[in-house]
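**Student:** Sequence:
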Amino acid sequence: MSKVPDGFHRVRGHIRRNPKPRSAKRMSGWLIAGLLAGVWLWGQVFGFSESTATTPPTDPKPAASATADR
1 MSKVPDGFHR
11 VRGHIRRNPK
21 PRSAKRMSGW
31 LIAGLLAGVW
41 LWGQVFGFSE
51 STATTPPTDP
61 KPAASATADR
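Heads up: the sequence shown is residues 1 to 70, going by full-length UniProt numbering.
No lab work stands behind these hints, which were simulated from the structure alone. Even glycine gets a Cβ: it sits at the ideal position worked out from N, Cα and C. Some hints here could point you the wrong way.
[What the hints assert, rightly or not] DEER-style ranges, computed between Cβ atoms: (1) Trp42 / His9: 26 to 36 Å; (2) Gly47 / His9: 51 to 61 Å; (3) Gln44 / Phe8: 44 to 54 Å; (4) Met27 / Gly47: 19 to 29 Å; (5) Asp6 / Ala33: 36 to 46 Å.
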């Protein structure tokens, strides 16, 4: 048998890399999908457009110097 290098181990005749410890827990795909669905539902119920105050565009009024043709 050949010597297994550091950081590896032998499993059923194959050389595999040793697992690394996970220091921080990663977000799973289901958690991300759930967060996106929650944001979407929040927008459907409460609406994002109501949170910002927008003024409707006003019609331009004619100037006082404009003549009216009748």
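**Student:** Quick check on a hinted range of 44 to 54 Å for Gln44 and Phe8, using CB atoms only.
**Tutor:** holds, 51 Å
**Student:** Assuming the hint says 26 to 36 Å, is it satisfied by the Cβ distance from Trp42 to His9 or not?
**Tutor:** violated, 48 Å
**Student:** Taking the CB of Gly47 and the CB of His9, does the distance hold inside 51 to 61 Å?
**Tutor:** holds, 56 Å
**Student:** Kindly confirm whether 19 to 29 Å is satisfied by the beta carbon distance between Met27 and Gly47.
**Tutor:** Hint holds: Cβ distance 27 Å, inside 19 to 29 Å.
**Student:** State, for the Cβ atoms of Asp6 and Ala33, whether the hinted interval 36 to 46 Å holds or is violated.
**Tutor:** Holds, at about 39 Å.
Comparing the model with each numbered hint stated earlier shows that hint 1 is the single one that does not hold.
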